[in-house]
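S.K.: Listed below are the residues making up each chain.
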Amino acid sequence: MNEKVTLPNSKKFFGIRFESIGGLGAHAAGKILATTAVLRMGLNGAHFSSYGSEKKGSVVRSFIRLAPAEKLIRSSAPIESPDVIVVFHSALLKNPATIAGMKAGGVLIYNGSESDEIPEIFSQLPSTTKIIRVDAQRIAVEEKSRPNAVLLGTLTATVPFIDFSILLESFSEEFSQRHPEAVASNEKAFRRGAKEIDRLSNIGKGTDDLPIMRADPVWGYENAPIGGVLPLPGNTVHNDLTVSRMGWLPLFHKDKCIHCGMCDMVCPDFCLVWKAADNNEVHLQGVDYRYCKGCLRCVETCPTGALTREIETPGMADKHRVKLFPELEGGA
Amino acid sequence: MSDVEMKKGAEEKNKQRSDFLTGNDAAALAIRDVNYDVMGYYPITPSTELPEALSMMQANGDHEISMVPGDGEHGAAGICYGASLGGGRVINATSANGLLYSIEQLPVQSGTRSPMVLNLVARTVSGPLNIRCDHSDLYFTLNTGWLILLARDPQAVYDLNIAAVKISEHPDVRLPIIVCFDGFFTSHQKRLIHVFENGDTIKTFVGKPNTPITALDPKNPATFGAYMNDPDMINNKKQHSLAMEAARRVIPEVLHELEELTGRSYPILDAYHMEDAEYAVILLNSAAETAKEVADQLREKGQKVGVLSPNVIRPFPADEFRKALKNVKAIVVGDRGDSYGADGGNMSLEIRAALQRDPDNKTVVLSRIYGLGGRDFYDDDAEAFFELAQNSSNAIAFDYYGTYKGEPDRNPPKGMPPIKAEEVTRSMAKVTKNAETGKLDVELEPLWAMSDVKSRIAPGHGACPGCGIFPMLHQMYRVLEGDLVILFHTGCGMVVTTGYPKTAHRITYIHNLFQNGAATLSGLVEMYYERVRRGELPESSDITFLMFSGDGGMDIGMGPAIGAANRNHRMIIIEYDNQGYMNTGSQLSYSTPMGHRTTTSEVGSVGSGKNFHHKDTAQIFSACHLPYVFTASEGFPEDLMRKVAKAQWYAKREGLVYGKIMSFCPLNWGVRDDAGQPVMQAAIDCCFFPLYEVEKGHTTISYDPDILGTRIPAINWFKQMGKTKHLAKPKNADIIKSFETEVDRRWKRLKAMHEHEEL
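So the sequence lines, in the order shown, correspond to chains C and W.
So in the working numbering, spot 96 of the first sequence is number 96, and the numbers just go up one at a time.
So in the working numbering, spot 111 of the second sequence is number 111, and the numbers just go up one at a time.
Just so you know, these hints were derived from the structure itself, not from any lab.
Each residue gets a CB set at the ideal place from its N, CA and C atoms; glycine is no exception.
Any given hint could be a false lead.
Which chain C residues face chain W? A few, computed with CB under 8 Å, are given here [said to hold, decoys possible]:
#, residue
1, F270
2, E300
3, T304
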């Protein structure tokens, strides 16, 4: 069982960073990959994820640090210059921090569709970066699996020392313990992840490793109000929660709406836009998808079918969005 | 058998295997194999995984430790103390303010010489609230009289958990012991470690506990905890101090025995590249390992640098430090926690004190506070410390490292304009007192008419999709009028709305930890009325005070909430009940229904979820004889809003109001994000969560499934949720029966009160 595997550079650590959103299974995938590398491939390793509170929809990073068996792993710090970056949600590619520290000659795998435009920040990548696209979301939906299964498969096809059959075996074992009914569909997703990949070329324009990014906080000790007090009521309106949606959104059909207000009573995200009408009534105008996390409680509650559950396609939210606070975005 | 054969047999029996475990997992494994008798605990991040892992093992029949969930850390410490007086073995795990909440029990435990083991998973002490690692909690334990071991990585967590038992129980020591490891860096990071294949190896190593006098020996009665004044106390403390001195001898002995068994060595003071070091960095736990990595690199460049990091800090290894630093020119001591105003963190102060006793020592000691609140310690940070040590002549003795000054023009996004009282005073629920009944009547506007009432909470908060806390708040804010000041207990509602430097709250908001919110708000209420009385605030400001707590906060914070209720302050306490400690990943609360799966009431071959019935908070507060107590559900908005309008009327005029509101948690109930309405409807229709109010002592049921013909068996509710799927199995029929019997008994009691004119 313990197959000896050789890392590209026996003197150095090999770093893998998963960039994801809570709910896509990056932590679980990192755990399976690292456990397999350590207990079945004869490597030394460490695995950990960034943690906030225990909730879905927030940004999660998972780190796998590998080394030859005889090399000690001592650092507990995050991996800033990874050899491999796996991006679980293409919306994360709007943020340059997602690809920060990418090593020259490394591998970048991202969950994206052929029909999407190639993310702009890819031009910053070293020209030697191998960029791999896999439509993990679509495959996961088709196979009733999760993107993490697909992306683990892709890793075996693109990182030479990660063995396909060893990883698949431990992946399936993990599922057979908890969800035996899900083994077959997840295996299929994994296999497709190893096959249905696009290798993009001539995109990165850089020459060296990308620089690492450590963001300073907004305030420092000379200008933050003492005691951590926040005199900034309601400034979460500046947040954009688009990435929290997992492929679905509610679509509003004004012609069917009777403006009963039931949806407003169940919406956790306060993203429904209302306006006083001439007849003293208050009418629903639509949804501000900037804040909508796609729970679809409004759809479930709507008595007239004026809100429907739709698969979110690229550009759909922007097209149908009604702004709650147009003044915040400079009239844009 | 020959000696060789015996040795071979022992080797076979003591065989170790490789595993890939986090610090918390490693501790849980050692705890399982020590086979403790009792664990008293209360979950707190990042130590929570430890009882969770043990709960999972218990559910699968892998150990028989009696696991007792405390009502808070103070209660958990009390459970541990009581259990330890019984002569068996006791274990606990905690972090940060959990530790501090229990801390008055720690000197009681050590002062009465009762051994036990506490895993302290180091985390920043609030406030402001922060869940990540530093050593501010550890430093509070230095004066508790406990022994303290430090575990730098998951392997050390495993090994030292085994050694700790034996050190603590040694007849010359008999002191409780802490094993401290770094939150997240060690507790949540998986590493390759070696563990014994057979748990008996550990059982044999620790042997049987030997407690000469116990509280479970009626034939030999004894008094524990006599009242002791001077001149006896100082002699008692001298004994305690002598026990610490004895530990200086016992600890290396036990660690040596452990080394014989494991092959792994733990010196009291870990010295790396120190033989000829001229400069050294001194750090505790995980950061020290990073510094070693960097020391290797600097040694290759010819720099004479080393790293010191103690494995034991109580008793403090002063001799070992003096020896190790004899010829060292300069050191940087990094403290992950400040002793404010003392010109250094605790370690640097103690190291300075140790060196002071060596008249020949000339080491320059620089003290740096670093890594607070989980700030990562990278290789280049360690490098900076080594560089500082080598250029110590111009450096100031004490400073913070890794801070940021800020830039004058850099600010977080602006807030929204304040909401004027008249914008939210729109008579959406008109309350009038019925002259005949003396009770309140409420006339509610239609839902559609409320849809453009300004919201006191902004979108953009980070709750999970489908979260029920926010519809509840939204519904309440529709009908509450005028200015509000709110206080949130620690919990989901707090964490997801106030991630610094942003807040979703558009009105004045306060957080205090959930053991004390009700007392805090009551203090503010009294300040308000006092300042109005003195003419310092206008009477017309007319503030309504509300507190929000999860059901967890109504376990740990029950005492102060009852106190506030008994004092009858003019305020409202709202409990959003989602049946568990969801913010920390779904541990059982006392309000979790029987049989429901949580991460501390796991389901497995022998475990079937929580094993006691749900807490009835509404009845507890009803017994405080408040003007108004109600239950509601965010799934029944009109009913909820009527009750909230009444609540405001009473809270302004008569005193404290308590409301328990069922709140949807799709993530931890194991249902779809959009299933809130049907699932909560089922919880109400099976009479688990009756909707009712107690107005001036008179109970009125608001929704009666019997009369409406909507009543369903509990299993129809359970079938809808992942956390209760297992209850449909025939082997769990008894649990369902017990649940239904209890629910029906409470329901009938409620109906009897509803029908009785005095109740």
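S.K.: It remains to establish, for every hint, whether it holds in the given structure.
M.R.: Consistency of the hints with the structure:
Restraint check, C:F270 versus chain W: the minimum CB separation of about 4 Å is within 8 Å; hint holds. The beta carbon of C:E300 comes within 4 Å of a beta carbon in chain W, closer than 8 Å, and the hint placing it at the interface holds. With 8 Å as the threshold, the beta carbon of C:T304 stays out of range of chain W, its nearest partner Cβ sitting at about 13 Å, so the hint is violated.
Checked against the numbered hints listed earlier, the structure breaks hint 3 alone; every other hint is satisfied.
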